[in-house]
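**Q** Single-letter residue listing:
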Amino acid sequence: MKAEYLKPFIESITEVFESMLGSPVKVERIGIPDKSSEKPEIIGLIGLSGSAQGIVAVKLPENTALALISRMVGADFNSIDSSVIDGVGELVNIIAGNAKAKFTGHMMSLSLPTVVRGSIYKLKSLEDFIWIAVFFESEFGKFSMEVSFKPAKTWEKESANAGVNSR
Amino acid sequence: MQVLIVDDSQIMRRIVTGALNKIGVQKTIEASDGAEAVRTVSENNNIGLVLMDWNMPNMTGLEALKKIRANGKKVPIIMVTTEAEKEKVIEAIKSGANDYLIKPFSPKDIQAKLEKFLKNN
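Chains as they are written, first to last, in our numbering: chain A, 4 to 170; chain B, 1174 to 1294.
Hints are supplied without guarantee of correctness; some may be wrong.
Below, a list of computed lysine-lysine pairs in the DSBU-like style, where the Cα atoms sit at most 35 Å apart [unchecked claim]: (1) A/153 x B/1261; (2) A/153 x B/1195; (3) B/1240 x B/1267; (4) B/1286 x A/29; (5) B/1267 x B/1286; (6) A/10 x B/1281.
If you are wondering where the hints come from, they were derived from the structure by calculation, not from laboratory data.
Chain A with its partners taken away, still in its complex shape:
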């Protein structure tokens, strides 16, 4: 996966935190995903399809999810319930939708978000796309976003042809 594909997702998460949560995020590091945590996490997943395909996963430790959704809604959540799960799904939906709009020249659709809660899991895409993780720090705690993304082969061919023709 090319590093340039990460930029829209990082910009999106930064904008979503600043506008919806009134709080900045800082990229701590970018690398391969960590092994699954022993502590339970809430994972929001959403698929992208069309001229580019991929999956975006936002992985939140439970305490981070509670603090973040409490701020988003303006009410205190002290335990993981259906509202928190719903909020994480909406959050990943907004992050992916905002990132999608930044990929100029691509026509993509979003799947409906899925939220998973657990501690022992492995994210795997059907075509063995490479996953890259971005680790963030925020006032709500640390969290990460994992992205597996690539343009469709047909789009790459059309794009290459267009480049040749325009010379």
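Once you have looked at the hints, place chain B on chain A.
**A** For chain B alone, kept in the frame of chain A given last:
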């Protein structure tokens, strides 16, 4: 005046309700997908504004917007969406949407948009 909030996310409905309450709109009703929104609008003549999410199961916001207009209902509809592309917004406006609001938005963004809309209508 009642405001109908249409969103499959219960949390988003709660966020939007909170923003409306803060600008003095207390009467809100909810629908969790486009089909429910179409039914609610056809059965309730007191709805003065619809805030319609785009991506929903069963029936999308755009499909619901088209059905509501096809049913002859002229209630103002604001599309609330993450679909920031111009073409989609133009399609919504051509299909009868009165305005749109792009997620992510801050509570102040949504309040400003709704205050402006309610003032002009």
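**Q** State for each hint whether it applies.
**A** Results of checking the hints against the structure:
no.: 1; hint: A/153 x B/1261; in the structure: holds (23 Å)
no.: 2; hint: A/153 x B/1195; in the structure: violated (43 Å)
no.: 3; hint: B/1240 x B/1267; in the structure: holds (13 Å)
no.: 4; hint: B/1286 x A/29; in the structure: holds (30 Å)
no.: 5; hint: B/1267 x B/1286; in the structure: holds (20 Å)
no.: 6; hint: A/10 x B/1281; in the structure: holds (27 Å)
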